[in-house]
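Going down the list, the protein sequences come from chains A, B, C and D.
All residue numbers for the first sequence refer to UniProt numbering, where the first residue is 1 and numbers rise by one.
All residue numbers for the second sequence refer to UniProt numbering, where the first residue is 1 and numbers rise by one.
All residue numbers for the third sequence refer to UniProt numbering, where the first residue is 1 and numbers rise by one.
All residue numbers for the fourth sequence refer to UniProt numbering, where the first residue is 1 and numbers rise by one.
Just so you know, the hints here were simulated from the structure itself, not pulled from any lab data.
Fair warning: there could be bad hints in the mix.
Treat identical chains as interchangeable: a pair holds within one or across any two.
No more than 27 Å apart at the CA atoms, straight line, and that leaves these computed lysine-lysine pairs for BS3-like [as the list claims (entries may be wrong)]:
#1 K385 with K347
#2 K347 with K71
#3 K46 with K71
#4 K347 with K46
#5 K385 with K129
#6 K400 with K425
#7 K425 with K129
Number of protein chains: 4
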Amino acid sequence: MVPRYSRPEMTAIWSPEARFRIWFEIEAHATEALAELGVVPKSAAKALWDWWATNPAIDVAAIDAIEAVTKHDVIAFLTWVAEQVGDEARFMHQGMTSSDVLDTCLAVQLARASDILLADLDQLLEVLKRRAYEHKLTPTIGRSHGIHAEPVTFGLKLAEAYAEFKRNKERLLAARADIATCAISGAVGTFANIDPRVEQHVADKLGLSVEPVSTQVIPRDRHAMFFATLGVIASSIERLAVEVRHLQRTEVLEAEEYFSPGQKGSSAMPHKRNPVLTENLTGLARMVRSATVPAMENVALWHERDISHSSVERYIGPDATITLDFALARLTGVMDKLLVYPERMLKNLNKMGGLVHSQRVLLALTQAGVSREDSYRLVQRNAMKVWESDGQLSLLELLKADPEVTAALSVQELEDKFDLGYHYKNVDVIFDRVFA
Amino acid sequence: MVPRYSRPEMTAIWSPEARFRIWFEIEAHATEALAELGVVPKSAAKALWDWWATNPAIDVAAIDAIEAVTKHDVIAFLTWVAEQVGDEARFMHQGMTSSDVLDTCLAVQLARASDILLADLDQLLEVLKRRAYEHKLTPTIGRSHGIHAEPVTFGLKLAEAYAEFKRNKERLLAARADIATCAISGAVGTFANIDPRVEQHVADKLGLSVEPVSTQVIPRDRHAMFFATLGVIASSIERLAVEVRHLQRTEVLEAEEYFSPGQKGSSAMPHKRNPVLTENLTGLARMVRSATVPAMENVALWHERDISHSSVERYIGPDATITLDFALARLTGVMDKLLVYPERMLKNLNKMGGLVHSQRVLLALTQAGVSREDSYRLVQRNAMKVWESDGQLSLLELLKADPEVTAALSVQELEDKFDLGYHYKNVDVIFDRVFA
Amino acid sequence: MVPRYSRPEMTAIWSPEARFRIWFEIEAHATEALAELGVVPKSAAKALWDWWATNPAIDVAAIDAIEAVTKHDVIAFLTWVAEQVGDEARFMHQGMTSSDVLDTCLAVQLARASDILLADLDQLLEVLKRRAYEHKLTPTIGRSHGIHAEPVTFGLKLAEAYAEFKRNKERLLAARADIATCAISGAVGTFANIDPRVEQHVADKLGLSVEPVSTQVIPRDRHAMFFATLGVIASSIERLAVEVRHLQRTEVLEAEEYFSPGQKGSSAMPHKRNPVLTENLTGLARMVRSATVPAMENVALWHERDISHSSVERYIGPDATITLDFALARLTGVMDKLLVYPERMLKNLNKMGGLVHSQRVLLALTQAGVSREDSYRLVQRNAMKVWESDGQLSLLELLKADPEVTAALSVQELEDKFDLGYHYKNVDVIFDRVFA
Amino acid sequence: MVPRYSRPEMTAIWSPEARFRIWFEIEAHATEALAELGVVPKSAAKALWDWWATNPAIDVAAIDAIEAVTKHDVIAFLTWVAEQVGDEARFMHQGMTSSDVLDTCLAVQLARASDILLADLDQLLEVLKRRAYEHKLTPTIGRSHGIHAEPVTFGLKLAEAYAEFKRNKERLLAARADIATCAISGAVGTFANIDPRVEQHVADKLGLSVEPVSTQVIPRDRHAMFFATLGVIASSIERLAVEVRHLQRTEVLEAEEYFSPGQKGSSAMPHKRNPVLTENLTGLARMVRSATVPAMENVALWHERDISHSSVERYIGPDATITLDFALARLTGVMDKLLVYPERMLKNLNKMGGLVHSQRVLLALTQAGVSREDSYRLVQRNAMKVWESDGQLSLLELLKADPEVTAALSVQELEDKFDLGYHYKNVDVIFDRVFA
């Protein structure tokens, strides 16, 4: 976890205190169920919840001190709770194994992290939608291979991003469901010493599903899928970030990350406004993605489990979720306040003197009866002049002045072919598909 | 693609001929829709389908020869089709861009590949279910950290595998839906020169969804999610393969990959039966997984698209699907014919002279009124003797002979604590959850 | 292996025939050493080499047919050789294990592959050097964050690429040395049945080092390092490819991948020359890189070896080397024939109306006694005008017309500050460092 | 960085204070060189070093507070230093760019980290060597595919590990040299405003090489190679860790991670000593390895640099080095105190009733004139009995009792074939190769 790429709400999920609170809830709910089943006294469960109702502070240092002696984190925690609650606490954890607590806790943490990420996605989607409609018909050049192709609108670019993050939201919902399971099944998952109804009770209380069959642990294919999904989301962040970086290039300058009106550019060079936020997002995407492979390597635990996954998850659990939360929020901010320059977009679009319309003219000539070869020759000879002028000449003007062309197409017909509206007639269709 | 790790049905999807056949279908369906809309003559669509009805062979070499001249694969294909079909073929591809064909074709290929993989998963699930029920109550030792823990059944191990691959099936269904979209939207996705209804028609005919908003290409977050899902499935294969490899170790030998009765072991050493299939699966899993990161790196294409993803997909498209298909089939074969040795499982389970039951005895002593400290001391002193005898002594016999123990627990009570059935009382519950 | 990204020389290394030829050489050299030691008759070695001197064709199909029966590739090969050579062949392979042949063969293949890659790098370096000197003083704008910063030369960009690939050559030489070891040490590496001098002999003959201590296999950390090194080289390819792609963007257009004078641009749009080669290289880099993780996962083989690495290497051995060879050659071609547009570079450099020199003016004002705050204010107010004019106004002209500025600096002094040469005074120093 | 997987010396390298100290040294050395060249007053350099000689505390909070205003870390630092040193400090940083400081600082940090890792490797090598000699002739079974093969010694296993980490040390030395370069070359690497001799001076003082050609940054192929090398070392750690985990399995139990004599095993089960340290190392290896891909993705920065690498390095710089340091130290501790059980090794070796010697008997029969087919039949029929007895019968005893066998080989000759020494005659050769 790198503090500068962290936000407090997500970070809090991974604090020792938060973890201990979840542990307590798991243990207390389990004790409650055990009491209901007559395995332990009802007074035991009551004692736990009564203490909890006092909203006690969790003394992390004290628990750590006990762990330093016992070398066992769950036992240390139980010991500390017993010190607080008193004798009734000895009924806690009956028939359970440490992994029951640890894995169910991780499920709660990842589910909570998912909820924050889902909210992040909602905010991003809202911003993308607003700005997509704002620029629904803002003309800009579409580029394939980085080379001018045909006109699109800036709103269409944002609609694509919206659709992509909408898909990501669906994926994350699925990943959340995958990860949010509860296992209270004992040493090797057989419920030898604990009734399966305890697991069901804890699951219900914590908003989790029951893990249908666990070993000592919740199977790690669930976690692999979860982190892979975060990796896909991060890749979409990279995509939009790279788009902004391209648009802000000095030669393109169709959009810029926000800077306040009074803000100084770098020293004396007012053009030196760097897309540092989206560059940063590009790097953060690499990091979130890097959790995917170790999470997959974690799946093949030996037999009923080994503990090799644990250290991996101590890193990637916090890192991937905290970084992705930060990145989504940063991207939302960037897109919310993105400075968009429609005039520059139009200027760039026209940079090639109307060459982006050459294909339509070609088609029109053919339809007007000129042979395909001749049509090509006519367009090409005028297009080359425009190209060689570096956009100083206008294709439309040259065509109007070419008698072979005007023999086939009237000036009006020619001008019609240079109408941007032609390219935008289906924008509504697309917007309906995306936002309906 | 490595031939020895390939099966013909999946490989066929990726043959040049198969690709060209899909291209034709896309083009012909599109022409049909264009004809319906009055953009091209109905005779054009008819000519295409009439030719197709003759079930013509695809002359890949001829198409390649044209491509060598035109440097453009789709144009080469269209040219060849035009040579076969005649003049009417000139109406094909109107308003479309090459990527419309290429990306929609890839969607069809990946959807077909998914169908094979889903069938593979069904077969694996069937085998796992059958063998799980076969060994539902076959006792075997559960191991955490590779160390004996408490009893499980071999059927439970297989039930876990079943549940895991069931989840993988759900994930693959979702990934298939994600990938199976059709884009016929023209040069930069604006439908400038083609009606969106054409796209809908082609999608319907090919069993695809319409891509709500495309650039020049179908967005690559879909593909990233698809290959990541294959990576998770591969990781589950690795997990089960590693389990078999462990069980076949000389010292464990609770199960073995099948060998025919007459089959010679390696030279004169009859014990030298190597788990080569599951070792191979372990390696194949690494390969399938390795497609995940490049697929994610493919997402951030520049602007409306660059072509950097194409070479990556030429590798991972065939490789990941062919390898996973092979691996699933191989795993199914391994599990179908796995030689299971229940006697050896029981022998290993008892290897520790009954130490796996020590915790139950401890608990019983406590419940019988012995203090926790004394209970621990009594069990521990007998357990140590068993341990030091390397399993030659029996914990039960030693306990029966320990007067301090028998003062608290009768012989019958002691024997009860060594009952495996205690551990298996909830096996049915678990099986119901998994297989119901 | 994807044929279109393959070159014949490298591909040939990985053909079955090439592999069998290396196998023969290993076996024959080993037999020779065994004969020298008196373990087998000298006639045996002679018979093998006599046959080999006839330059016999390797009948791959015949060997495969035998393997279909024996299920063992090395035995199949030995059987086929015995059929050709006759009775003396029975002395082959004495005391060896299959892995001795397989791993030493892989070492030979990777060493040969390295030699091709080293030659590729040499050719690339030669081209980069030539073009670097050609453009040693071709002015172009340096960009940080994609934003204009200060002037560099195009030759400096190429010098950086040269230095980077020079480092890659050193790394590959080290990786080649790492990989090029010979193990002829028997079933578990103890030389129980074969004299270590045999290994030394084979190593000498094949130009390999002796593996100091092998298990059944050559340890896979060597291979992990090798493939990681290829991954780094691929990343450098990506870097240079991305540079070209950026330079070819429509708005930048400072350089282009070569196209022949008569070559048609895409249909009627002459500007549509796409950087498809460097985009392709970007994708190929992702693929070469993707071999790194599985190669690392191959290291932790169980005990004296398992066979999980084998399938991985059947993919990445050919794929990573063939793809990298192709990519290096393609990059060399791109850089060799890259169309460079110095006028456009200069035009872009001046696009900001001289703002790139603003810092020098600022410094000069300070040195002329103007306070830092005033200097900043003076430069800034003129720079802003230039910026707002989108480069139509000239900073130099505005400064000359600003009396507060000219009070401190003469026109000559001002003009001196706009001298590009100032930025290039140390180009020779850098070139000497890189190319000396 | 996860505190529990961190050691203080390595962690300290990455503290803000350590970073600021390195920044100061870079700036002060540069000022010194500038003074020597007459660019700034000698008093400026003196003032800096005089202040430094007072061993001043670095007030991280104060610097952070300034950064909160300036939004620029290097400027914040320079401002704070100026507050401490006074007016002379204004000559610092002349002609330099922030990246000069940041990248050179990272080089120093990675070089220092390398030195710690190299020392870690030395300690590991020392332990491995000691224990290898200790168990140079401790018999143990060699296993391929997890199946008993032929005898090795435990010392040979350790010698292999020694050789592997020796290679890793060489690789790390190369990676250290690769990473340890100094760039003080100004805004885009042209030395426009700073003399290259300043760079040379700073490099000399800090024990770095001069970067021959930088852009705004030190090229990231160097860092990619560095982190890939750490990934290879981590993979070797995994290999040895997995070996220990296998040896500690209940059924194998040839070695165990250390536990103190009085230490309780898990509750009442004395056999429950889990290889948690080596399992942990397996997970840590995955994490160190996961830095490789993002480091490679960092190479292709745009033009003279973008800032996308920075966030990645804020994670992997500390994480990969701190984790690897911890892992090497942990592995050294594990191997230093590893409990080795030679009796159990021998017992396991003999588990198959002498079958590991069957090949030698087979060979001896052949050499004694028995046909290959008969020899095989004789050995096989006895071997099968041993195999079916699960090692209760002894192959040697059965062979001695088989008259067809004793007709060809005397009892003495048979017993000779069961001599372990035969397998160990070349152990000295191997040890000489490895440790000489």
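Status of the hints after comparison with the structure:
With identical chains, the CA atoms of K385 and K347 are at most 27 Å apart both within one copy (19 Å) and between copies (20 Å). For the homomeric pair K347 and K71, neither the shortest alpha-carbon distance inside one copy (68 Å) nor that between copies (33 Å) is at most 27 Å. For the homomeric pair K46 and K71, neither the shortest alpha-carbon distance inside one copy (29 Å) nor that between copies (53 Å) is at most 27 Å. Neither within a single protomer nor between protomers do K347 and K46 lie at most 27 Å apart by alpha-carbon distance, with minima of 73 Å and 45 Å respectively.
Taking the shortest alpha-carbon separations for K385 and K129, neither the intra-copy value of 41 Å nor the inter-copy value of 35 Å comes in at or below 27 Å. Taking identical chains as interchangeable, the C-alpha atoms of K400 and K425 lie at most 27 Å apart only when both belong to the same chain, with a minimum of 26 Å there against 51 Å between chains. Only within a single protomer do K425 and K129 lie at most 27 Å apart by alpha-carbon distance; the minimum there is 20 Å, versus 52 Å between protomers.
Checked against the numbered hints listed earlier, the structure breaks hints 2, 3, 4, 5; every other hint is satisfied.
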